[in-house]
Amino acid sequence: MSSAAAVAGEHEGHGAHAHVLPPDEYFGEATAGKLGMWIFLLSDAFSFGGLLLAYGILRGGAQVWHHIQGQGGWTAETEPTLGINFTAGLTFLLICSSVTMVMAVASSAEKNRKATLVWLGLTALGGALFLGGQFKEYFGLFGSEGLIKEGLVFGHSAYASTFYVTTSFHGAHVLTGTIYILITLARTAMGKTDANEIEILGLFWHFVDLVWILVFTFIYLV
Amino acid sequence: MSDAAPHTHSRKQYWVIFALLFVLTVAEVALAQAPVEKTLMVGGLVAMALAKATLVALFFMHLKTEMKALKLTVFLPFLFPALYAFVLIAEASWRFLK
Chain D
1 MSSAAAVAGE
11 HEGHGAHAHV
21 LPPDEYFGEA
31 TAGKLGMWIF
41 LLSDAFSFGG
51 LLLAYGILRG
61 GAQVWHHIQG
71 QGGWTAETEP
81 TLGINFTAGL
91 TFLLICSSVT
101 MVMAVASSAE
111 KNRKATLVWL
121 GLTALGGALF
131 LGGQFKEYFG
141 LFGSEGLIKE
151 GLVFGHSAYA
161 STFYVTTSFH
171 GAHVLTGTIY
181 ILITLARTAM
191 GKTDANEIEI
201 LGLFWHFVDL
211 VWILVFTFIY
221 LV
Chain F
1001 MSDAAPHTHS
1011 RKQYWVIFAL
1021 LFVLTVAEVA
1031 LAQAPVEKTL
1041 MVGGLVAMAL
1051 AKATLVALFF
1061 MHLKTEMKAL
1071 KLTVFLPFLF
1081 PALYAFVLIA
1091 EASWRFLK
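Chains D and F, in that order, give the protein sequences.
To convert, note that position 84 of the first sequence is 84 in this note's numbering; the numbers rise steadily by one, no gaps.
To convert, note that position 93 of the second sequence is 1093 in this note's numbering; the numbers rise steadily by one, no gaps.
It is worth saying that the hints were derived from the structure and are not from the lab.
Predicted model, so just to flag it, every value in this text is computed and none were measured.
Incorrect hints may have been included.
To be verified - Covered stretches of chain D (in silico footprint by chain F; criterion: 3 or more residues with CB under 8 Å from a CB of chain F, positions within the stretch not fixed):
id : segment
1  : 92-102
2  : 106-112
3  : 166-176
4  : 182-189
Claimed, not checked - Selected chain D positions facing chain F (Cβ under 7 Å, derived; list incomplete):
id : residue
5  : Gly49
6  : Leu51
7  : Leu53
8  : Ala54
9  : Gly60
10 : Ala88
11 : Gly89
12 : Leu203
13 : Thr217
14 : Ile219
15 : Leu221
Even glycine gets a Cβ: it sits at the ideal position worked out from N, Cα and C.
Just chain F, same shape as in the assembly (with noise of 0.2 Å):
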């Protein structure tokens, strides 16, 4: 029935996603400001955030070895806010440039 592996304590992979997290912030500052393309540079951005945010949820809240009902739970209510935030920022974007 469980699908759910029961939470290990793993203290070596708790410090490869430190380490990873420490990297990809110290990436995302040094994106923050080279000389690159606006649009380019946001993308990467909110790729790394977005990448960094899931790894804490998925290895530090332990969503990873949690059952498959608890992790849609978590997950599918996200797809509102983002669809809410790309047609509106997209819609104030459309009325400045017009």
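Pulled out of the complex, with its shape left as it was, chain D reads as follows (with noise of 0.2 Å):
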């Protein structure tokens, strides 16, 4: 179903706020709101790109990019390798939060609202994990050290900054999108929302799942 028929379809229960354009001889029947989301997301990418680019300069740059002893000449503090296989756990987890997110689409496209908020739960459910992991990663948690206290610290190297910036504006999203989703799934449950707006929260979710699959290869693998 197209999401401009899903909201000429789905008013019942929360008035006439969604506006429905005529098609457009460019864009179809997507939605002022749709469109709106994917503008922001375009410009919320370049912010990225910014970050990853300045990333690539400054480690192609770099006499010595990781600090660890008895390499490039490096014999002070010893930085931490980062944990790839823990992170990979947190890429998976945040892929299946997108396929979980995408069913929720479905299902609120085929009006099925106790679906579609169980798909939303679940997705709430794989952003708080993915946030718990991060904070693990940062500071530890159940008895394991983070990278602060093993020495990654911010404003020590040009190392620790990036990934700190990067990962911790990404976490940022996730926190966002987290919260996004919780508010959109009471509006789900008190009947207030349509297939449009289940789309669009999509689209931004996604997004953040696209994203973390770019930062992490190259944060990480590269």
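Using the hints, build the complex out of the two chains.
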């Protein structure tokens, strides 16, 4: 079902707040809200692009990038290696949450409110677990030492600073997305949302997943 | 007039994309820890990351079934940061190697 059709067909219980535009020659039945979200995501993508670009330039021109004792003549403080396997788990978690979100979008298009609520709840859970994982990575949890205690301190090196700026900026997006999902979940439970709103929420959440795919590769793997 | 197909929500397709994303993530982690030449490794990792990002954009964000104008609006601007990245990182690396 197209989003405009979904909007037109689901006005029960939430007034006439969704204004349906006539089909556009270039953008078809895409609603103003959906186009607005795409434009926001483009600008947000450039913010992440700027951070990754700065990371690439600093790394490309660095004499010593990762300060490991005995390497590159570095003898002072040693910085820990990032935990690839743990973060791969977080990546998998975010991919799972993308699937649950797309299922929520599909369920809302089929006007199945109960299923929409379940899938949105699972997506929010995925976001919360990801944030918990990021907290553990930074500060330590359940007896494990975090990266900060292990010597990866913001401001001590370009390696540390670019890591924290980029991953925490993404973490702020996950936090925002999780809150956005919880608000939409509550509104859906009250019958105040339509398929168009869930689709717009889905665009934001998939973008958060898409950006993490790139951050994980460039910051952790390369 | 419209070149956009309506969004069809094929759950089977979503699970196939999920499986592909999972396999590519496992392959990325394996390649990052494999004893291969650095340039080959970086090339492989970037290619797999871009493939995963494209899968998410096309199928989960439904860009595949959007109209051409929206597809171009989203994809074309990324050519510029890609160009900046290539030029600036290559320049920084060249200064370091000099």
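Hint check:
Three residues within the 8 Å Cβ limit are the bar, and the segment 92-102 of chain D against chain F gives 7, so the coverage statement holds. Coverage of a stretch by a chain is defined here by at least three residues with a beta carbon nearer than 8 Å to that chain's beta carbons; for the segment 106-112 of chain D and chain F the count is 3, and the condition holds. As drawn, the segment 166-176 of chain D meets chain F at 0 residues by the rule of a beta-carbon pair under 8 Å; below three, the given contact is violated. Look at the segment 182-189 of chain D against chain F: 0 of its residues bring a Cβ nearer than 8 Å to a Cβ of that chain, fewer than three, so the hint is violated.
For the restraint placing Gly49 (chain D) at the interface with chain F, the shortest Cβ-Cβ distance is roughly 4 Å, inside the 7 Å limit, so the hint holds. Given hint, Leu51 (chain D) at the interface with chain F, is violated; its Cβ is 11 Å from that chain's nearest Cβ, farther than 7 Å. At about 5 Å, the closest approach between the beta carbon of Leu53 (chain D) and any beta carbon in chain F falls short of 7 Å, and the interface hint on this residue holds. About 9 Å separates the beta-carbon of Ala54 (chain D) from the nearest beta-carbon of chain F, more than 7 Å, and the hint is not met.
The beta carbon of Gly60 (chain D) is positioned within 7 Å of a beta carbon in chain F (closest approach about 4 Å), and the interface hint is therefore held. The restraint placing Ala88 (chain D) at the interface with chain F holds, with a minimum CB-CB distance near 5 Å, inside the 7 Å limit. Here the hint on Gly89 (chain D) is broken, as its CB sits about 10 Å from the closest CB of chain F, past 7 Å. This hint holds: Leu203 (chain D) has a C-beta 6 Å from the nearest C-beta of chain F, less than the 7 Å allowed.
With 7 Å as the threshold, the beta carbon of Thr217 (chain D) comes within range of chain F, its nearest partner Cβ sitting at about 4 Å, so the hint holds. Against a cut-off of 7 Å between C-beta atoms, the interface hint on Ile219 (chain D) is violated, since the closest Cβ of chain F lies about 11 Å away. With 7 Å as the threshold, the beta carbon of Leu221 (chain D) comes within range of chain F, its nearest partner Cβ sitting at about 4 Å, so the hint holds.
Against the hints set out earlier in the document, violations occur for numbers 3, 4, 6, 8, 11, 14.
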